[in-house]
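Engineer: Residue numbers (our numbering), protein chains in the order written: chain A, 1 to 524; chain B, 1001 to 1524.
Honestly, I wouldn't trust all of these hints.
Listed next, with one range per pair, are the computed distances between beta-carbon atoms [unchecked claim]:
#1 Arg446(A) to His1333(B): 18 to 28 Å
#2 Gly1347(B) to Gln353(A): 35 to 45 Å
#3 Glu1394(B) to Gln353(A): 47 to 57 Å
#4 Asp367(A) to Arg1446(B): 38 to 48 Å
#5 Pro1415(B) to Asp416(A): 48 to 58 Å
#6 Thr115(A) to Gly1347(B): 28 to 38 Å
#7 Glu117(A) to Glu1345(B): 49 to 59 Å
Distance condition first, Cα-Cα at most 20 Å in a straight line; then the derived SDA-like pairs of lysine to any residue [what the hints assert, rightly or not]:
#8 Lys368(A) to Ala1403(B)
#9 Lys363(A) to Ala403(A)
#10 Lys308(A) to Ala1403(B)
FYI, nobody ran anything at the bench for these hints, they're computed from the structure.
Here a beta-carbon is modelled for each residue, glycine too, at the ideal position from N, C-alpha and C.
There are 2 protein chains.
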Amino acid sequence: MDPNRVLIFDTTLRDGEQSPGISLNTAEKLEIAHQLARLGVDVIEAGFPIASPGDFEAVRAIAREVEGPVVAGLARANAADIDRAWEAVRDAPRPRIHTFVSTSDIHIEHQMQNTREDVKGLARAAVAQARALCDDVEFSPMDATRSDARFTAEVCQIAIDEGATTINIPDTVGYTMPAEYTGFIERLYEHAPGLKDVVLSVHCHDDLGLAVANSFAGVLAGARQVECAVNGIGERAGNASLEEIVMLLRTRGDAVGGLHTGVRTTELARTSRLVSRLTGYVVQPNKAVVGRNAFAHESGIHQDGVLKERTTFEIMDARTIGLEANQIVLGKHSGRHALRQALEELGYRVEGQALNTAFARFKELADKKKQVTAMDLEALVTDELRQETGYALESFDVEASSARPPHATVAVRRPDGSTATGSFTGDGPVDAVFHAINAATGRDARLREYRVDAVSEGQDALGDVSVVLELEGHGASGQGVSTDIIEASARAYLRALRLAEQKVAAGERKPKPEVPEPLSAPAS
Amino acid sequence: MDPNRVLIFDTTLRDGEQSPGISLNTAEKLEIAHQLARLGVDVIEAGFPIASPGDFEAVRAIAREVEGPVVAGLARANAADIDRAWEAVRDAPRPRIHTFVSTSDIHIEHQMQNTREDVKGLARAAVAQARALCDDVEFSPMDATRSDARFTAEVCQIAIDEGATTINIPDTVGYTMPAEYTGFIERLYEHAPGLKDVVLSVHCHDDLGLAVANSFAGVLAGARQVECAVNGIGERAGNASLEEIVMLLRTRGDAVGGLHTGVRTTELARTSRLVSRLTGYVVQPNKAVVGRNAFAHESGIHQDGVLKERTTFEIMDARTIGLEANQIVLGKHSGRHALRQALEELGYRVEGQALNTAFARFKELADKKKQVTAMDLEALVTDELRQETGYALESFDVEASSARPPHATVAVRRPDGSTATGSFTGDGPVDAVFHAINAATGRDARLREYRVDAVSEGQDALGDVSVVLELEGHGASGQGVSTDIIEASARAYLRALRLAEQKVAAGERKPKPEVPEPLSAPAS
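Please build the complete structure, drawing on both the sequences and the hints.
Structural biologist: Okay, here's the thing in structure tokens:
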């Protein structure tokens, strides 16, 4: 293996998906996983199989379908977790079990109510069990950066002795600083002699804005795997941003001995958009690499220097991250074949009934918009992925006026095929529609969050609506896309409502399996 | 002066305001500057006075009105810029002139079409002129991190010899890495002996996600001023985030010799919301410190560890950044006195006619919402700040239905007091409203961006709409707040339209004064 190659371990679907308000279904997770494979990440952490039947199913589907990357499943250091993780990933061509246990005294005492000796025993047993099932085993001492370095080294050495092939050092609470992290890793190398023979990995959180810098410091100290997430999503302030660490190594790798990754950077922009759309997590305009303005000089700002010589104010070329890839433009006369071809160029294989549906929606859109761009198509296709929810919006009628309170009537087709209507007079047209849907479905869902973004520029842009609602204590999110903001809002609400109903029916309240350790914020 | 005190130089109103799509008026800039003073920053870079009459006026107003921080104005290294900057800041109790010139060969050759000798001459003359006007002079060698260290040191020494009191080392293009930046600064100290007698400053951009880490490396190497912006806004991927660098020093300062700032961290959350609302720049949920989920454990996520012991997964307390300050709740029976008191607690002095207007809008809102929270009041007050635009929405009528295309009618009061109406049938209700406004005003404005956020949680939340439009090549943005998304959209559009008209009338196309060097992306 090339000693300068840094492996990219993507945890968008595990740590990222643990973010509040995100709940992806299996189809959405598969779509992201396929895109991660196109992007060329080395490892996909597909989920935490024991967390829920839905998590398990999604990890297994990714293990079976997605080609290229290693597929990892997370497991706490206990037999049930590890068995379940193995069951989920075993069908992957290259499966990995990732197991973890805390090594910090604060976690050992307060959270696990345990001792250091217990932790050593848990790590030993977990790695031994995992290794008996799977050749590729990763071990993480959780909260490593707040742990005693010698004790952490001892636990890591135990994991290595039991056969762990990757040792990951998480900065679980986003507390460390570059020099401190470097020093910690140096001490681990000193006290865990086996570390030099396995892959060292870093997993940093961004609570103090240092996730990328700490990850980079780890790489300079010898790590050759970086755990990161698209758009930097994840617990609290999230993980290191995949796109930032990748472009940092691409742009400055030569200055640090030729470090590089295997990522196809031209897929970065699209991956970012896909994840943002499916999670409902907006990317701020000034976000590095993938923010709308990260390359603002490219998109219309008159910049004397850049016009004279691009490199005066630019260190990266927008084309490198795939921002020029939006040149596909279809119009109202484009046919089914052109649509399929355009979708294929975008990496979507759409055929049969799915193509018919996509074509119908495309025609509808092309009637309203003069030009349908690649970004519009992406939005439509990802919108279609969410179609199997059970509720459908049959019709709606909304009046909003400064003269009287807004009024809405909706007709909704229920999962059983019957139609129900509801009306409401609310504070705003969207509020009225949501209450009318509640009336039609007989549900008392409450809106928690609401957001609208335009998919592309211009007066006739598609509106992309994200909704988070709560039903009987269960939160769920939904998205909807349309040129009509009311219609998009209603679709998003119906999807979220259906998901919430399913959660209520399953009695599922994530995280809550009957196992000894807590489930949220694991490993990392 | 305490050797461990790190000065916070806020450039939200200068580098931040240069971001595409942001255009704040003087009232908005003043409101942000007052909040920055409450936050306790040491220096406010209030703008770039020569860039436009509007910039000049805003800097002068801040210099005259805002108490506490040093008020700085930016100037390129030429006589006209420096005179204009001085004119703008001279009435401040503590004025500063900040002048800059590029030292990198790539800028000298391609952008300035100049020589290194010329640069030395420009720096010498500029600092001498500025120092003759003002005791507090900051000098920046632009694009320092891509410059030859010895030459940069030579230019800095010239500036120091001419009387510069602060030397700022910008990573203009966001290119450097922590260790490299440290090394560069060490070489400057070595070759510019005078540097140890002035304040060294850092100014880092986030193109590779390292702005905070590089700033921190600079501080560890001896810098005692950090240039940063609220929410990390600024050119391209923006500047170092003020809130991140401040909370990093607060949380980990003890580990690095007791470094600290004078910032009142409990004002951070509110400052972030104010800047986000007035600029229209959303903060992503996973943004460190001020993102909605940065403290997600506090806001409802069941977290076994945190419940047992907060510090198991939290390194900062949400109260530290002012997230608990939203406890003011008013209802429909609250009177004018209660409102004024609540606004005062929030830091707004509202009296006379402004109080009447605020009270009327509060009553209107309280009729629709059971509880009016501190965040709602903030949104209303900042919305009122934008009231003086000239167009007013008199009435509107919108029908949206799945059966026929949406139709809108609006009546708009023009700046001269006359009323105009317009109608349109569009692709969506918002689209129809915007076209109806175009019809009423006789303008052919085109929508470029559109976004809606909920101010607070819940079905009856206020919607906060941001609009960017273009009129005859001039872009302008506007915001509007209402429980009715259509009404908020119309208000936002009218404001943006008025601003665009004013820009068209002024023939102002930022940046474009008749001066030798380019105006955008200065200093930094």
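Engineer: Of all the hints given earlier, name the ones this structure violates by number, lowest first.
Structural biologist: 2, 4, 6, 9 and 10
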